[in-house]
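Novice: From first to last, the protein sequence lines are chains A and B. Count along the first sequence from 1, add 1472, and you get the number used in the numbering used here. Count along the second sequence from 1, add 1472, and you get the number used in the numbering used here.
What the hints contain is simulated information worked out from the structure, not anything from laboratory work. For clarity, every value in this text was computed on a predicted model and none was experimentally measured. Please note that a few of the clues may not be correct.
[What the hints assert, rightly or not] Computed footprint of chain B on chain A, listed as stretches where at least three residues anywhere in the stretch have a Cβ under 8 Å from a Cβ of chain B:
id: 1; segment: 1503-1511
id: 2; segment: 1568-1578
id: 3; segment: 1792-1798
[To be verified] Every beta carbon over 10 Å from chain A, so not counted as near; a handful from chain B, in silico:
id: 4; residue: S1485
id: 5; residue: S1501
id: 6; residue: E1518
id: 7; residue: K1570
id: 8; residue: L1590
id: 9; residue: K1606
id: 10; residue: L1635
id: 11; residue: L1693
id: 12; residue: G1705
id: 13; residue: F1728
id: 14; residue: E1732
id: 15; residue: I1779
id: 16; residue: Q1785
id: 17; residue: T1859
id: 18; residue: H1889
id: 19; residue: I1890
Think of the CB as a built atom: it goes at the ideal place given N, C-alpha and C, for glycine as much as any other residue.
Number of protein chains: 2
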Amino acid sequence: MGNKLTKRSEDYSKWYNDLVLNADLAENSGVRGFMVIKPYGYAIWEKMQAELDRLFKETGHQNAYFPLLIPKSYFSKEASHVAGFAKECAVVTHYRLKNAEDGSGIIVDPDAKLEEELIVRPTSETIIWDTYRKWVQSYRDLPLLINQWANVVRWEMRTRLFLRTTEFLWQEGHTAHATKAEAITEAELMMNVYAEFAENFMAMPVVKGVKSVNERFAGALETYCIEALMQDGKALQAGTSHFLGQNFAKAFDVKFTSKEGKQEFVWATSWGVSTRLIGALIMTHSDDNGLVLPPNLAPIQVVIVPIHKTEEQLDQIIEKASDIIKHLKSKGISVKLDQRTTHSPGWKFAEYELKGVPVRLAIGPRDLENGTLEIARRDTLEKKVITFDEAPLYIENLLKQIQADLFEKALSYRDSHITEVENFESFKDVLENKGGFVSAHWDGTSETEEKIKELTKATIRCIPLNSDNQTGVCVFTGKPSQRKVLFAKAY
Amino acid sequence: MGNKLTKRSEDYSKWYNDLVLNADLAENSGVRGFMVIKPYGYAIWEKMQAELDRLFKETGHQNAYFPLLIPKSYFSKEASHVAGFAKECAVVTHYRLKNAEDGSGIIVDPDAKLEEELIVRPTSETIIWDTYRKWVQSYRDLPLLINQWANVVRWEMRTRLFLRTTEFLWQEGHTAHATKAEAITEAELMMNVYAEFAENFMAMPVVKGVKSVNERFAGALETYCIEALMQDGKALQAGTSHFLGQNFAKAFDVKFTSKEGKQEFVWATSWGVSTRLIGALIMTHSDDNGLVLPPNLAPIQVVIVPIHKTEEQLDQIIEKASDIIKHLKSKGISVKLDQRTTHSPGWKFAEYELKGVPVRLAIGPRDLENGTLEIARRDTLEKKVITFDEAPLYIENLLKQIQADLFEKALSYRDSHITEVENFESFKDVLENKGGFVSAHWDGTSETEEKIKELTKATIRCIPLNSDNQTGVCVFTGKPSQRKVLFAKAY
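Whenever a hint applies, use it, and build me the whole structure from the sequences.
Specialist: Here it is in structure tokens:
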């Protein structure tokens, strides 16, 4: 099997698409803008889900499920929300098909028109807050800490596998609190949970920050985010957590009786990450040979490829491999033995390289004689010969090492691509030639942000939380600035 | 808290609805026919999902994800399928809303009409087989063993929480095989997997069988099923597995090159269970006091309620309880300590009874002195005093005992409600007065089946696989019959 991938240096965007298709992660479906997530891609999503779900539950959240279809009128109740969301979405207008009278096939039955159109959820704030009204009476009912795993639909004109699809899978947390302070703490907590997941499982360093007003979620008072940097120097918003104030409580009349016996509106947050993270994972680590997966999210962590000429050799190799598999499984390591005789070892090497399996073991007849095996790591492509006896511990440590190395490599790339600039010429120069984040003073106005976007296509990715808040002058207008913010071109 | 449930003997249907609402399992949403699955109900679904997913993976299946919306024309490709499914369904006709020019709110943008309407999936055979065409070329690509966890929508006029809702959650397996024999083996395997799940986890005995032609899945050549019996004598179809022949392969042109180099159509199966199972679980075990859950699916298996007057006593009880919790958790038992001081022990007893927690422990000041605790089992409401030392092992065994007892009780009810009848008078009498399954000879024709349904509302639930195939004469027409089949009124 030859390597079918476009090189990153030739066309990064084409490389990405080639990789998603060739590594069997996803493909476009017959329905425009909708993707099929193939088993290998879905297995990565299942690993992500399992870890995120654990982190959500450890922080006190429970899962629930709310309706897919939402009455149109619900969206009108929160003014800024409808402006941001309800426009580009799938609208259900009828509930029945029938046979055409002229025998030409099935048609929409005009008699089955809905009184009120239903919207396929683009996000669930409205239907959930309509429900919370019934669930919240007293301060004793608070906080409500709920998460939903679901599919959502946002009509997109230009789609890219995982990064921007009309339908995507995600989780959306929706919490209700008695006080403003509690809600803000929750929104910050979930940003931190996302950052922990991104860094410890995806091996993807992120900047934590808040969005400028322009980039805020429709209906939020504050949007916390984690921003990552892809290999091509473009930023990617990897997760957001919104402090929604009392906007939805007021729109859906969700009040509670406080300890002091007063009627008060509830405070809200919402937060989400999606299958977009798979796109981020790919563009953080992968190379011209294919996918590179961090061991903590790899569906297969170790693959064993037998190299043999005779049936008898194969049997002996399988027997030896079984011992290693038993050892590794007892340590919770997922391992696959590929004993297919329909494919050559060389084909298998290329296949697992393309699919990003972190560690590959090869065992041949010479190895059986010597009590050794060849071990190759996917990230560096380094190979080494080790003995059977040392293999289990060596592999266990190697997986940890690869996880750590991938993070360090991505961190070092990211850190070397945060460039401080003091004037607009350098600003443009860095964006044009070097890429990455540009750290610059900004006068805090939406007008300036928009003008910069027009001129450079860069947006404010976030106002970092760890900023030292040094004042200065805006890189574009020269007006006073409270702190530097991060600009970048973004996915 | 008084018991708010209607008694089963008064109104079984109202009892069911009361229970679902009061035990916080689900509720109707603001969208007609759509339910909200509340955290406690969803936690049961998560337990079901985890066990089913494990069973699917152990039998070689992988998960994937296919589009929510399916072009209308796809449904027309398989004639019997469209007749059975595409009629009562949600139809997406537009992809944008806009502000009304008269300022009256948001309206559907007439300029954003889709060229071809999209159907919210009622089931995914069509979109999946459209995809399989690209995945299958050679016999080496087979079998394809794929499952999807998803939401589906079937427009229902009369809905009941969990049992029949317009949207429901389910899994749908879709497999492709090189031979007819392999596909039939797969369909039978999955029926057996469902039966294993129903009996070992839900503690719900099932009859395995095949459907009559009338009751078959739209597009199937054979529908295997598991049928359960509810406490009110009505049957419930708990899971189905379909042998689809080459119908979908032909409709979507999915061919493969066989080992012999010939082009052949692929053989198919599909199989599914849904959130309906939660309704079946409720109606198999629960009583007038509330939910009764089998330990293998209970989100909380053991609850500990402290009984105290002073703060000091509470602290001592919590300390003692912590030891027990540690022991139980080490054995994989989920346990909750309810140390809230806002609610009385009596309130908590009623609450956990209502929610069906299998085992309740109560610890009071006297227990601390005596080194004992009170243990109550939910299914029989029996109480007993045991020592702290014996508690961990006792509880572990008790959970197994409850699981086994629930199954035995349901089995004994079910077995005593399969009534053999030899003439139509007894047939009607049993259906009217005793309920349950009626085992009777049937002449094998759809006409007879339909007439019996008209007269009695009973349908053929299944042709049991373990039948002894004794011939006889049809209970209705007197014509020759090959074997007895099971009739019942059904959910």
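Novice: Would you mind marking each hint as holding or not holding in the structure?
Specialist: Hints versus structure:
no.: 1; hint: 1503-1511; in the structure: holds (count 7)
no.: 2; hint: 1568-1578; in the structure: holds (count 5)
no.: 3; hint: 1792-1798; in the structure: violated (count 0)
no.: 4; hint: S1485; in the structure: holds (23 Å)
no.: 5; hint: S1501; in the structure: violated (5 Å)
no.: 6; hint: E1518; in the structure: violated (7 Å)
no.: 7; hint: K1570; in the structure: violated (7 Å)
no.: 8; hint: L1590; in the structure: violated (7 Å)
no.: 9; hint: K1606; in the structure: violated (8 Å)
no.: 10; hint: L1635; in the structure: holds (16 Å)
no.: 11; hint: L1693; in the structure: holds (23 Å)
no.: 12; hint: G1705; in the structure: holds (31 Å)
no.: 13; hint: F1728; in the structure: holds (15 Å)
no.: 14; hint: E1732; in the structure: holds (16 Å)
no.: 15; hint: I1779; in the structure: holds (21 Å)
no.: 16; hint: Q1785; in the structure: holds (23 Å)
no.: 17; hint: T1859; in the structure: holds (33 Å)
no.: 18; hint: H1889; in the structure: holds (33 Å)
no.: 19; hint: I1890; in the structure: holds (36 Å)
Checked against the numbered hints above, the structure violates hints 3, 5, 6, 7, 8 and 9; every other hint is satisfied.
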